[in-house]
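Visitor: Each chain is listed here by its residues.
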Amino acid sequence: MGMDLNTKLRKFHQAKWDEPIIFELSRPGERGVLMPTADPGIEEAVGDGISSLPSNMVRKDPPALPELGQMQVLKHFLRLSQENLGADLNVDIGQGTCTMKYSPKINEQFATAPKFTEVHPLQPEESVQGILQIIHELDLFLREISGLDRFSFQPGGGSHAILGMASMVRAYHETNGEGDQRDEIITTIFSHPSDYSAASVLGYKVINLYPDADGMPDLDALKAAVSERTAALFITNPEDTGIYNARIVEFTQAVHEAGGLCGYDQANANGILGITRAKEAGFDLCFFNLHKTFSSPHGCGGPGSGALGATESLRPFLPVPLVESDGSGYFLDYDLPSTIGKIRSFYGVMPAVVKAWSWIRALGAEGLEEAARVAVLNNNYLFRKVMEIRGASAPYAEGRHRIEQVRYSWEKLFEETGVGTWDITCRLADFGMHMWSSHHPFVVPEPMTLEPTESYSKAELDEYIAVLEQVSKEAYENPELVKTAPHRSVTRRPGHDTLDDPDKWAVTWRSYLKKCAEGKRDRI
Amino acid sequence: MKTIGLIVNPIAGMGGKVGLKGTDGEDTLARARTLGASPESPRRAAEALRALGPVTERLSFLTAPGEMGEKVLRRLGEDPVVLEMEVGDRTFAHHTGEAAARMRARGVDLLLFAGGDGTARDVVAQVEDQVVCLGIPTGVKMHSAVFAVNPPRGGELAAEYLFGDAEHTRTAEVMDVDEQALGEGHLSATLFGYMTVPFRRGHVQGLKAGTPEDERAVQRAIAGGIVRRMEDGVTYVVGPGTTTAEIMGLLGLDFSLLGVDLVRNRTLLGRDLSEQDLLDHLGEGPSSIIVTPVGGQGFLFGRGNQPISARVVRRVGRERLIIVATPDKLSSLRGEPLRVDSGDAETDQWLTGYYRVASGFSDCSIYRVAAT
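Protein sequence lines correspond, in order, to chains Y and H. The working numbering puts the first residue of the first sequence at 1, with every later residue one more than the last. The working numbering puts the first residue of the second sequence at 1001, with every later residue one more than the last.
These aren't lab readings, by the way, just hints derived from the structure by calculation. Even for Gly, the Cβ is constructed at its ideal location relative to N, Cα and C. Treat the hints with care, since some could be wrong.
[Stated by the list, open to error] Here are the computed distance ranges between Cβ atoms for each label pair:
(1) Y:R10 <-> H:E1057: 34 to 44 Å
(2) H:G1164 <-> Y:E369: 47 to 57 Å
(3) H:Q1130 <-> Y:K60: 55 to 65 Å
(4) Y:D462 <-> H:G1224: 45 to 55 Å
(5) Y:K458 <-> H:E1346: 53 to 63 Å
(6) H:E1346 <-> Y:P502: 49 to 59 Å
(7) H:E1084 <-> Y:W509: 56 to 66 Å
(8) Y:L202 <-> H:G1270: 36 to 46 Å
(9) Y:T7 <-> H:K1002: 35 to 45 Å
(10) Y:N6 <-> H:E1057: 49 to 59 Å
With the hints as extra help, turn the sequences into a complete structure.
Guide: Given below as C-alpha cells:
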C-alpha cells in the first residue's frame, strides 16, 4: 500500500521513540571503547604520558560524559534521526529564505576524504597548494557571478558576513575622515533582519524603509533617508517577500551621490544566478551564503560560509588573509593596508568552500543559470497553486511576479476559521511535511514563506500543495483537528512561546539540570 | 478556575443595520427601532462564548442581569453569578459603567464586553487600564483597537489568554466619534482612554530575532532616545499616547495620558492644555512637537489630539515635528500612510511627505504622511 495517487496524500506516521537524553541512558562503567594499556617497552621509553604534564593541566575529576556501549550509542542516534524531518527526508520547501536544495552526496565525499580532512591549517603554504587553489578558484567563480573583484571566505555565515560588511563600511569612512559623521545604515523592512541587526551591533543607527503604496521598495523613501550621515545601504534583492526591486540601480545611485556605500545581501541569490549581478546593480560589497545558493548544504546551524566580496577599491578593507597566486603557486596574503583584520580562525569554513566549489564545477555557467530559472519557475508554479487554496493570499505587490520565494498570508483563513500559521505548521507534520516559523519581521499576518528552489520535482510540489489544500479544507470543516495537531508526530503540540523564553529551554545537559533545579522548568 | 466578567450592550449595533452611523443616544435608538432594527449584540456575544470551547468548564462567569449578559449565558447552559443591579427594560450607558466598576472591585481575570466604541468608552472610564478587557465587536463604530477580529476569534483569544502558555497584553486606545457630527459629514474623534487588552503576539515569533521585545520595552527605548536628544530652551508640545507617556515618565513629569502637555528644560509648563494655551506658550523661542499616531488609522493630527491644531503645527514648523511609533504600530497600518486631518486642508497638504519616525532608541523608519 502506498500513498493515494489521486489525493497525493500520504498515510504518514512518524516514529515516536520517546527517547531519553543520552545522559539519562548513561550507566556507570559502561564503555564504547576500551583503551588498551601501552606496551611495557613504550611506557619505559616515554613514561605513562600523564605524569609529565604540569599538574595544573591535569583535570581533577573525569569529564561528565555519558557512559554507554557503542551499540546503544548507535541506536540512540538512529532513533533521534527517525524523530526528525530532515532536508533529505521531506519536501523541504517550507523553510523559505533558507534555500533548501539538494546537496549532492558526492560533495560530502570530497569534504570527508582524507586528502582534505588530514590537511592542517598550520601547515606550510607549499604543502597545502591544493586547498589554496580551490579557495582561489571559488573566488574567481564568485567574481564572475557577482561582477565584484575579490572575495574573502573568512565569515562563517551570512550574519557574520553582514557584520564584516558593516566593519568594512566603518573602516572606509574612517579612512576618509568621515567615520563619526556617517553613523546611519539604511535597510528595508523586507531585507533580511540580520541586515538590521548586524549594523546595530556595530553601533550604527538603522533607518528602515517601508514599501510604497504598491508594495514595492520605496525609492522616494530612500531619497528622503539619504544624507551626509549615510554610511551605507544594506539591502536584499529580491526581498524576503520574493519581490524584485527593478529600480535597484536608482537606489544605489542615490546612496552613492550622498557619499554612502552599498552592500548587497545575497545570502540567497538562488533566483538570479547568471541573470543579474551586484556590479551592474551598483553595489560595492556583497556576500553569498555558500550553504544556501551554493548547496554546501544549509545545515541550520552550520557549517556555513558567508563569502564576502568587494570592488577593487574596497579590497584593502577585506578581512585577512586573502589567497593570492603569483603564477608559480598560491599563498596567503595578510598585507592589506586597511584590513578590518582577522574575523575567524585560519582559512574560514573549508568544508563549505570545497562543496560549493564542487557544486559550481559540476554545473558550469549554463547550469547555474538553469538552476536559477528552474527555481523561479518552480516558485511561480507553486505561487499560482497556493493562491487557489481557500484562505491563502500573498500581500504586497499583488498580482506581480515573484522571484524565488513568496511570503504568503493565512490571515483570511484565520479570520474565518481560527486556524493560523502555527496550527498549519503543526498539522503539516502529520503529513511528513515541514514549515518553518521564522518570517521576521511580523508585518505579514499569519505568514508562510515557501521557497521551492530548483531541486524539487513537480510531483513533490504537487504533494506539498495537496497537503496545504487538505489542511485548508480541514480548517473550514473541522478546525479543532488542525488546532490540536500534530497527531501523528513525535511530540504533542509544542508551545511556541517556550522557545522564546530562555528560562524554559536548555541547550546543554548542565544548563538543563540547573534550570530544573531552579524550578524554572520540569524535568521531563 | 478563572473568572470572566461579561457585559453585553444589547442595543449595540442596532443603528448600523438600518443605515445609521451609531446607536448613541435615546433619539437615535428610537429611530433605529422605528426603522426595524433588532438586537444583534446578544447573538454575537453568544458566538464568542461558544468559541471559548472546552475551557468553559474551568471558568466561572460574573455578569450583569437580564439582556446585559445573564440571559445569553443561561441560554448557553451556564450558571453565572449575577450582579445585583437595577436594570429595567431599557439599558443605558450608566448600566455598562456600573457593571464594569463592580467587576473591577470584585476582580475578574478578563472582562469581555460586547458592544462598540460607546461601550468601550463606558467600560474604560471605570476600569482604566487596571482590568484586562476584550471587546466582542457588535457595535456600529469600532475605531478603538480593543476589539477582536470577529466574535469567534474573540472567544478563542480569550481562552488563549486565560489558559495558554503565555499571557500577552498591551494597551490600546479607546476612541469614539461624535455620531451627530459624523452624520453631518465631519469626523470628530476623541480619545477616551487606554484599555489593557490581550493580544496574539506576532502569531509565531521569529527565531532569528531571539527573544522578542514586548511593545512596552520598545516604547521605553524610543522614549530614552527622545529624552537624550531633547535640547535645552526648546518648548516641547507632547501629544497623548502611551509612547509619549513613556517620555513623560522618563522625565519624571506628571502628565495627562489623553491630553496635550508642554515641557521645557525637562520641566512641565502645563498639562492637558487647549489650543490657545499652546499658542500662548509657543511665542517664546524654538519649539517642537512630539506626536505619535493615534488610532488604527494612523492619524498624526486630528484624532484625539485636537489641541495640536493647524495653527499650532504652523507655529512650530514642519521640520520640528518629532514622530514616534513602535514598529508594531507602523506595521498595523498595513502599508497605509500616516494621515493628518488638522482641520485646515492647506496645512494638511503642507504636512505631506516623508518623515523620520523614531522607532527605537536610535533607530528610525522613513514613513509617508498623507492628507486625508
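Visitor: Now, for every hint given, state plainly whether the structure supports it.
Guide: Hints and how they fare:
About 36 Å separates the C-beta atoms of R10 of chain Y and E1057 of chain H, a value consistent with the hinted range of 34 to 44 Å. Range check, G1164 of chain H to E369 of chain Y: Cβ separation about 49 Å, and the 47 to 57 Å hint holds. Between Q1130 of chain H and K60 of chain Y the CB atoms are about 57 Å apart, so this pair conforms to the stated range of 55 to 65 Å. Taking the beta carbon of each, D462 of chain Y and G1224 of chain H are about 52 Å apart, inside 45 to 55 Å as hinted.
A hinted range of 53 to 63 Å holds for the C-beta pair K458 of chain Y and E1346 of chain H, which are about 59 Å apart. Between E1346 of chain H and P502 of chain Y the beta carbon distance is about 54 Å. The supplied range of 49 to 59 Å therefore holds. Our hint of 56 to 66 Å for E1084 of chain H and W509 of chain Y holds, since their Cβ atoms are close to 58 Å apart. The hint said 36 to 46 Å for the Cβ distance between L202 of chain Y and G1270 of chain H, and at roughly 42 Å that hint holds.
Between T7 of chain Y and K1002 of chain H the C-beta distance comes to about 42 Å, which sits within the given range of 35 to 45 Å. Separation of N6 of chain Y from E1057 of chain H is about 41 Å and departs from the stated range, judged on CB atoms against 49 to 59 Å.
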